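So you can see what is in the structure, the chains are spelled out below.
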Amino acid sequence: MEPAAAYPPRAARPPRLFAALLMLVGLPLLAGGVWLAALGGSLYYVVAGVALASSAILLWRGRAAGAWIYALLLAGTVAWALWEVGLDYWQLLPRIGLFAVLGLWLATPWARRGLA
Amino acid sequence: MMRTLFCALALSLSAASAQAADGEWHHYGNDLGGARYSPLDQITPENVKDLKVAWVYQTHKGMKPISNLQVTPLMVGDSLYICTPTNEVMALDAETGKERWRFEPPPPNDRRRTCRGVTYYKVPDAAGECAERIYTSTADASLVALDARTGKRCPGFGNAGVVDLKTGMGKVRPNYYYVTSAPVIVQGKLVMGGWVADNQHVDEPPGVIRAYDAVTGAFAWAFDPGQPENHAEPPPGETYTLGTPNSWAPMSADEDLGLVYVPMGNATPDYWGAHRSAESEKFTSAVVALEAQTGALRWLFRTAHHDVWDYDLASQPTLVDLQVDGQPVPALVQPTKRGQVFVLDRRTGRTLKPVEERPVPQGPAPGDWLSPTQPFSTGMPDFTGPDLTEANMWGVTPLDQLWCRIKFREARYDGPMTPPGVKPSITFPGYLGGIDWGGVSVDPARQIMIVNWSRMPNHTTLIPREAADKMGLKAGPKGYMPGKPQAQEGTPFAVDTSAFLSPLEIPCIAPPYALLTAVDLRSGKVIWSEPFGTARDNGPFGIPMHLDLTMGVPAIGGSVSTRSGLVFIGASMEKTFRAIDQATGKVLWQARLPAAGHATPMTYVSPASGRQFVVIAAGGHISLGSPFGDYIIAYALPKK
Chain A
1 MEPAAAYPPR AARPPRLFAA LLMLVGLPLL AGGVWLAALG GSLYYVVAGV ALASSAILLW
61 RGRAAGAWIY ALLLAGTVAW ALWEVGLDYW QLLPRIGLFA VLGLWLATPW ARRGLA
Chain B
117 MMRTLFCALA LSLSAASAQA ADGEWHHYGN DLGGARYSPL DQITPENVKD LKVAWVYQTH
177 KGMKPISNLQ VTPLMVGDSL YICTPTNEVM ALDAETGKER WRFEPPPPND RRRTCRGVTY
237 YKVPDAAGEC AERIYTSTAD ASLVALDART GKRCPGFGNA GVVDLKTGMG KVRPNYYYVT
297 SAPVIVQGKL VMGGWVADNQ HVDEPPGVIR AYDAVTGAFA WAFDPGQPEN HAEPPPGETY
357 TLGTPNSWAP MSADEDLGLV YVPMGNATPD YWGAHRSAES EKFTSAVVAL EAQTGALRWL
417 FRTAHHDVWD YDLASQPTLV DLQVDGQPVP ALVQPTKRGQ VFVLDRRTGR TLKPVEERPV
477 PQGPAPGDWL SPTQPFSTGM PDFTGPDLTE ANMWGVTPLD QLWCRIKFRE ARYDGPMTPP
537 GVKPSITFPG YLGGIDWGGV SVDPARQIMI VNWSRMPNHT TLIPREAADK MGLKAGPKGY
597 MPGKPQAQEG TPFAVDTSAF LSPLEIPCIA PPYALLTAVD LRSGKVIWSE PFGTARDNGP
657 FGIPMHLDLT MGVPAIGGSV STRSGLVFIG ASMEKTFRAI DQATGKVLWQ ARLPAAGHAT
717 PMTYVSPASG RQFVVIAAGG HISLGSPFGD YIIAYALPKK
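Chains as they are written, first to last, in my numbering: chain A, 1 to 116; chain B, 117 to 756.
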């Protein structure tokens, strides 16, 4: 019994739904981030917005670089969050929670299969 | 001889402390001084884990309540006495919770108000009808005396048991004036202030404090903050001074000193104050000591100068004999919404812990002015937490957190007492405190004070009159509506102030929103301090997250300390009632409530069984948006 025979591999398709979701988060983050920066606030949201938008575009095209940018964003976000609020879990939740959940999906084989 | 002497000594001791028999609960805060301390010790840190529901009483038999039940019952003899937001008064069997009698106020009875408790008085040397009485006041500002045994009105009191509190108050529109906290009884006088609708217009009902004879209901004296020397009732056609600082919080009193301690508010409208008189400025947000027999001013201590933040005194002043260099000093502890707790000598009003006048942010609203300094109680812990920064802004995702960061950066915030203005400002603490009407509880033997305090900022904007007119902002027929912009008629600005929340309806700042702290009153040092309440009943859009993680969710309500070293407290938006180890802050027992317990609990021994009961009202809260309930719940250890 060969599982591969029972479940033939699907044609590789870029994770477009996921890419669209990232764009949906990335664009308001970028716009709001520019506004916040103009008010003299944190620059993180501009950077995160740019990273999310670029990751979204690359993932839409099926490029693995999109996943790498996302991984970089996640690592950078964790470092920034720890720097800004330390180990307070309630404070880490908004900063890391959403990106970590999305990152977990991106790390699954189903997401990676569509990337070159 | 020895025995007589002993009796005399016992009598003088009981007179000195003006305390009820151990095991009963005669005043709102148990004693007249509002300590919220019980000398009972049947329920201990060791056995509290076995506490079970003994009985449940519903004031409206499950009908949907129209407002929040905030009552702390009184317990006298073998009865509990409670009141509801719609003015009913009930006597309950202390052992079983069964209703003994019920007073229904005359219709219409559909007005919402708050009733934190009733007042009990035993007429000296009297027997029969109305020898023992329960006093309450109604939404139409009537003071009512009831026979404690039957619930019938006392014919000898006022006009067939009723005194009209609208006398001398000018034109009182419905829902603009009523008494929310139980009148205090001192030296045979019933003393009360009253709640006044916030932020409607400049000439709202007077903030006058009044005293009536507890037996006859005859007017005794007035303390009019606009004419502090005149203690008379105004002649027909005249009124007490309109628009003066009022007092809605529970008062306390010292029978021996013959003083009543009045926590004052400010002259409404709250957020702009150039029109306020010199007298109003003097008494604004001050604790005022009045002579119980005459209403004469003995001393005052102001906790906020020219208050334009709604930092009215919401907490009952708590009287405690403070150990200073091994000697007991009659002290008064005044908690504030500002998160400052002032400790004064209650004989003189002088400070017992250092108070510093510190510079505060400037830049008043157009036409207004500000005090360059405000008093800070530097000898006591601060109950506000660190000043806010952009990094304190919070959310569930980076998106709502970003929204809050932008709102924070767009607003003015220069630390405590940042003044309101046309450009939005962050008011921190907000109008729920700091410390609200729950006040503090004090264990006098161990000299430990328990404080439950909030960290909730307000977002405040003044709206110029022309824009306010376009928005249709007028003084409302229903008076004050929480969370809505308010007219402040007679000033150049309306005001829009409410809790600083994100579009997901969760606070814009990170938790904790409520903490419970124990303080050693002698040293002024914190013994322990813990976030209070879990996130299981709260979440975005009010949807419960079922997260059993300590978060410190918003809380309003008081605590009770017992001789056995326990602290009982509901207060939290989390629908949970807890017993806490006073020494460590550890939760020793908890029970789920059918509605949040935004009321101060109480405890007593039922003479029928000799068992100690702990009682809390589970009634929800209007300002916190926590659903209403009509439950009075008693807990006790299982019968042996």
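Honestly, the hints are just simulated from the structure, not real lab data. Given the structure is predicted, the values throughout are model-derived calculations rather than measurements. There could be a bad hint or two in this list.
[Stated by the list, open to error] Some chain A residues near chain B, calculated using beta-carbon distances under 10 Å: (1) ARG13; (2) ALA48; (3) TRP60; (4) GLY62; (5) TRP68; (6) LEU93; (7) LEU98.
We put the beta carbon where it would ideally sit given N, CA and C, even for glycine.
Against the structure, the hints:
no.: 1; hint: ARG13; verdict: 27 Å, violated
no.: 2; hint: ALA48; verdict: 7 Å, holds
no.: 3; hint: TRP60; verdict: 21 Å, violated
no.: 4; hint: GLY62; verdict: 26 Å, violated
no.: 5; hint: TRP68; verdict: 20 Å, violated
no.: 6; hint: LEU93; verdict: 7 Å, holds
no.: 7; hint: LEU98; verdict: 5 Å, holds
In the structure shown, a violation is registered for the earlier hints numbered 1, 3, 4 and 5, in ascending order.
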